[in-house]
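Got chain E sorted already, so can you dock chain P onto it with the hints?
Each chain, letter by letter, is given below.
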Amino acid sequence: MAGEKQQREFIEKISPFLREKIEEIKIKKGENSEDYQALYLQYAISGKEKEQSTEKNVRHWEADVDIESHIHGIERLYSKSVVIEPTMVCAAHCRYCLRANYDIFTLKEDELINIAKFCGSDNTKRQVNEVLITGGDPLIVPKRLNYLVEVLIEYAPNIKIIRIATRLPHHDPSRIDNNVFEIFKKHKDKVDFELATQINHPAELFPETIEIFDKFRKMGVPIYSQNILLKGINDNIKTLVCLYNKIREIGIEPHYLFHCVPMRGMHHFRTTVEKGLRLARELTNSGKISGRIKPMYALMTDIGKITLYEGTILEKNKERNEIFVQSAYKYEDRLKNNTNWKLPKTAEIDENGYLRTWYLDGED
Amino acid sequence: MYKLKSPDIHASEIAGFLNHDLKGEDFIIRIPSSIKNFQDNSFFYLLDTDKFPIERLKNYKNILVLTSKNLDRSVENFSYIKTNSPKLDLIRIINEFFIEYEVTQIASTAKIHKDAKIGRNVSIGGNTVIGPEVTIGTNTKILNNVVITSRVEIGKDCIIKDNSTIGSEGYDFELDEKGNPIHFPHIGKIIIGNNVWIGANSSIESAKIDNTIINDYVKIDDLVQIGYDCEIGSSCMITAGVIVSRNVKIGEKTLIAPNASIRDNIEIGKNVTVGMGAVVVKNIEDNAVYVGNPAYLLKTK
Numbered sequence: 001m002a003g004e005k006q007q008r009e010f011i012e013k014i015s016p017f018l019r020e021k022i023e024e025i026k027i028k029k030g031e032n033s034e035d036y037q038a039l040y041l042q043y044a045i046s047g048k049e050k051e052q053s054t055e056k057n058v059r060h061w062e063a064d065v066d067i068e069s070h071i072h073g074i075e076r077l078y079s080k081s082v083v084i085e086p087t088m089v090c091a092a093h094c095r096y097c098l099r100a101n102y103d104i105f106t107l108k109e110d111e112l113i114n115i116a117k118f119c120g121s122d123n124t125k126r127q128v129n130e131v132l133i134t135g136g137d138p139l140i141v142p143k144r145l146n147y148l149v150e151v152l153i154e155y156a157p158n159i160k161i162i163r164i165a166t167r168l169p170h171h172d173p174s175r176i177d178n179n180v181f182e183i184f185k186k187h188k189d190k191v192d193f194e195l196a197t198q199i200n201h202p203a204e205l206f207p208e209t210i211e212i213f214d215k216f217r218k219m220g221v222p223i224y225s226q227n228i229l230l231k232g233i234n235d236n237i238k239t240l241v242c243l244y245n246k247i248r249e250i251g252i253e254p255h256y257l258f259h260c261v262p263m264r265g266m267h268h269f270r271t272t273v274e275k276g277l278r279l280a281r282e283l284t285n286s287g288k289i290s291g292r293i294k295p296m297y298a299l300m301t302d303i304g305k306i307t308l309y310e311g312t313i314l315e316k317n318k319e320r321n322e323i324f325v326q327s328a329y330k331y332e333d334r335l336k337n338n339t340n341w342k343l344p345k346t347a348e349i350d351e352n353g354y355l356r357t358w359y360l361d362g363e364d
Numbered sequence: 001m002y003k004l005k006s007p008d009i010h011a012s013e014i015a016g017f018l019n020h021d022l023k024g025e026d027f028i029i030r031i032p033s034s035i036k037n038f039q040d041n042s043f044f045y046l047l048d049t050d051k052f053p054i055e056r057l058k059n060y061k062n063i064l065v066l067t068s069k070n071l072d073r074s075v076e077n078f079s080y081i082k083t084n085s086p087k088l089d090l091i092r093i094i095n096e097f098f099i100e101y102e103v104t105q106i107a108s109t110a111k112i113h114k115d116a117k118i119g120r121n122v123s124i125g126g127n128t129v130i131g132p133e134v135t136i137g138t139n140t141k142i143l144n145n146v147v148i149t150s151r152v153e154i155g156k157d158c159i160i161k162d163n164s165t166i167g168s169e170g171y172d173f174e175l176d177e178k179g180n181p182i183h184f185p186h187i188g189k190i191i192i193g194n195n196v197w198i199g200a201n202s203s204i205e206s207a208k209i210d211n212t213i214i215n216d217y218v219k220i221d222d223l224v225q226i227g228y229d230c231e232i233g234s235s236c237m238i239t240a241g242v243i244v245s246r247n248v249k250i251g252e253k254t255l256i257a258p259n260a261s262i263r264d265n266i267e268i269g270k271n272v273t274v275g276m277g278a279v280v281v282k283n284i285e286d287n288a289v290y291v292g293n294p295a296y297l298l299k300t301k
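Protein chains in written order, with our numbering: chain E, 1 to 364; chain P, 1 to 301.
Hints are not guaranteed to be accurate.
Claimed, not checked - Computed far set for chain E versus chain P, every beta-carbon distance over 12 Å:
# : residue
1 : Phe17
2 : Asn123
3 : Ser327
What the hints assert, rightly or not - Pairs of lysine-lysine, DSS-like flavour, derived with a Cα cap of 27 Å:
# : chain 1 : residue 1 : chain 2 : residue 2
4 : P       : Lys141    : E       : Lys108
5 : P       : Lys117    : E       : Lys186
6 : P       : Lys5      : E       : Lys185
7 : E       : Lys143    : P       : Lys5
8 : E       : Lys190    : P       : Lys270
To be verified - Taking CB as the label site, the calculated pair distances span:
#  : chain 1 : residue 1 : chain 2 : residue 2 : range
9  : P       : Lys299    : E       : Arg19     : 37 to 45 Å
10 : E       : Glu363    : P       : Ser6      : 41 to 49 Å
11 : P       : Lys299    : E       : Lys190    : 44 to 52 Å
12 : E       : Tyr354    : P       : Asp115    : 53 to 61 Å
13 : E       : Glu282    : P       : Glu102    : 49 to 57 Å
14 : E       : Lys190    : P       : Glu102    : 16 to 24 Å
15 : E       : Lys190    : P       : Ser6      : 26 to 34 Å
16 : P       : Ala240    : E       : Lys190    : 36 to 44 Å
17 : E       : Arg19     : P       : Lys87     : 29 to 37 Å
18 : P       : Gly119    : E       : Lys330    : 39 to 47 Å
19 : E       : Lys50     : P       : Asn70     : 30 to 38 Å
20 : E       : Glu12     : P       : Ser6      : 17 to 25 Å
Hints listed in this document are in silico derivations from the structure and should not be mistaken for laboratory results.
These numbers were taken from a predicted model, which means no experiment stands behind them.
Where a beta carbon is used, it is the ideal one built from N, C-alpha and C, also for glycine.
Next comes chain E alone, as it looks inside the complex (with noise of 0.2 Å):
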């Protein structure tokens, strides 16, 4: 990529916003009570970060597409859809980020036409009809992210769907204004947009963060969020049942609900996958929450996202704390799919051609 890169040091960055709010919940509830540490530990850097853990991974995955030179921000795991990061600068830090260990960068105009020509170009238009916009958070680059979205629409029109990702509702709402608002509205006619969100605990739903929500529904943009499990912030049913029922009224889609990916600095944050399987069991088959607003559980794994259903848990080597999964994507689609991909060490393939892998359990 252009420009210099900088080695990222994952410093604690809480916005002014969520401070504020932080302090609030604080004064109101106390700092025992569960919403005020629901917001805490999402965002204060804590010493169990440093603890030494089994937990080494530094990324979540390796997916990076090699289009010429070489280039940051844009990643192909699946079939259908394309992953770009046109920044890997958020407004506030997440502890158990995904991309913590990323390089800090914000693509320029140049490398944003080299993406979008490569998601048009022959052998990628052929399966890919979306793309996942993230980051970092590509709101807080209004401008940037609208040159983004021009140049999809000019070089690679197979695109249909673009998805953006932001936490910026909740780390800073006043900073989503017209520029953002705006690219949603001008560009409609061409694509479809949808709004990708996490929220982990009913706390995050501040007034000003429904009302930008609200916001973009009024435009007729789609809401979902992907959720984690995060042990000590909502890995109990009470406030997951309240979670849900809480996106379900403010009319956001469920999506995933993750188990904590085994990442370096995010032990202290990752309950056993056991334990996400019973709430999910219980969140979602005992008519607590609408039908409307089930969850996937869902595992991060080294060859991609692995939903669970009967039968993905192979084997498990307690002494390893490992589970053996298995997945219904083909080796060979993943090399059509990326030609730089490489079957990480702790995957093989069975003789199907399909994909298993060991994953990292986290501790109740």
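Same frame as chain E, now just chain P:
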């Protein structure tokens, strides 16, 4: 066109946006400022020719400096980002973080002919008139009281400021047998490229038979006259009060300073600077600086 906003932004976000390191502490900045009048939680750019105002900085806190130099941080109430283009980066930061653009819209008082071709996301201001043979590209903003008539093609991402006239009938008369001036009907086109800026109260005349061409990234200031059949090269800057007579060709990246006048049927080369108030009466070669009346070669670049 836009309003200033004051978000809470970490200095590290700015560094990440520019792909550079932040030297010093991370803090919140809220507003752009200048080297003359900075304030707490603001940022400004420092050019190579500027003296670093370290003494004044002591009275403020949380100042972010964009500079191409290594700065002495013995005073710790500022941080800096080292960049080769501090001023350009400041512009980028303001555009990205500190300006909220007006919503794209076509004013109810605009008069747009039904046959005009208006691209996506074009803004058209109050009382603007757009004729039938006009094409306007994506994202172009046309402000108030603009008149665009005759055969005009405008590219994308252009700004046409208030009260400008594009497609004004060319001033071209032929004397008849009795010595009366007869107007030559101007049936040519005006072709305006992408990212062109046309200033307030400026006028661009339609071409006689061929084209009047304003190439990509040309920036025309307020109160400028561009005569018919001219071709202005890409990235030229034509500043306030300049008169360009008919059929003048100007090469790319040339700067014409305020109030200069260019005689008709002249060619000005690339990367030329014409000084303030100069009167250009003959062709100018590439990479030259011309000043005075009549304009003479001051130096080559």
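The hints, checked one at a time:
no.	hint	verdict
1	Phe17	violated, 7 Å
2	Asn123	holds, 28 Å
3	Ser327	holds, 34 Å
4	P/Lys141 / E/Lys108	holds, 23 Å
5	P/Lys117 / E/Lys186	holds, 17 Å
6	P/Lys5 / E/Lys185	holds, 21 Å
7	E/Lys143 / P/Lys5	holds, 15 Å
8	E/Lys190 / P/Lys270	violated, 39 Å
9	P/Lys299 / E/Arg19: 37 to 45 Å	violated, 57 Å
10	E/Glu363 / P/Ser6: 41 to 49 Å	holds, 45 Å
11	P/Lys299 / E/Lys190: 44 to 52 Å	holds, 51 Å
12	E/Tyr354 / P/Asp115: 53 to 61 Å	holds, 59 Å
13	E/Glu282 / P/Glu102: 49 to 57 Å	holds, 50 Å
14	E/Lys190 / P/Glu102: 16 to 24 Å	holds, 22 Å
15	E/Lys190 / P/Ser6: 26 to 34 Å	holds, 33 Å
16	P/Ala240 / E/Lys190: 36 to 44 Å	holds, 38 Å
17	E/Arg19 / P/Lys87: 29 to 37 Å	holds, 32 Å
18	P/Gly119 / E/Lys330: 39 to 47 Å	holds, 44 Å
19	E/Lys50 / P/Asn70: 30 to 38 Å	holds, 32 Å
20	E/Glu12 / P/Ser6: 17 to 25 Å	holds, 24 Å
In the structure shown, a violation is registered for the earlier hints numbered 1, 8, 9, in ascending order.
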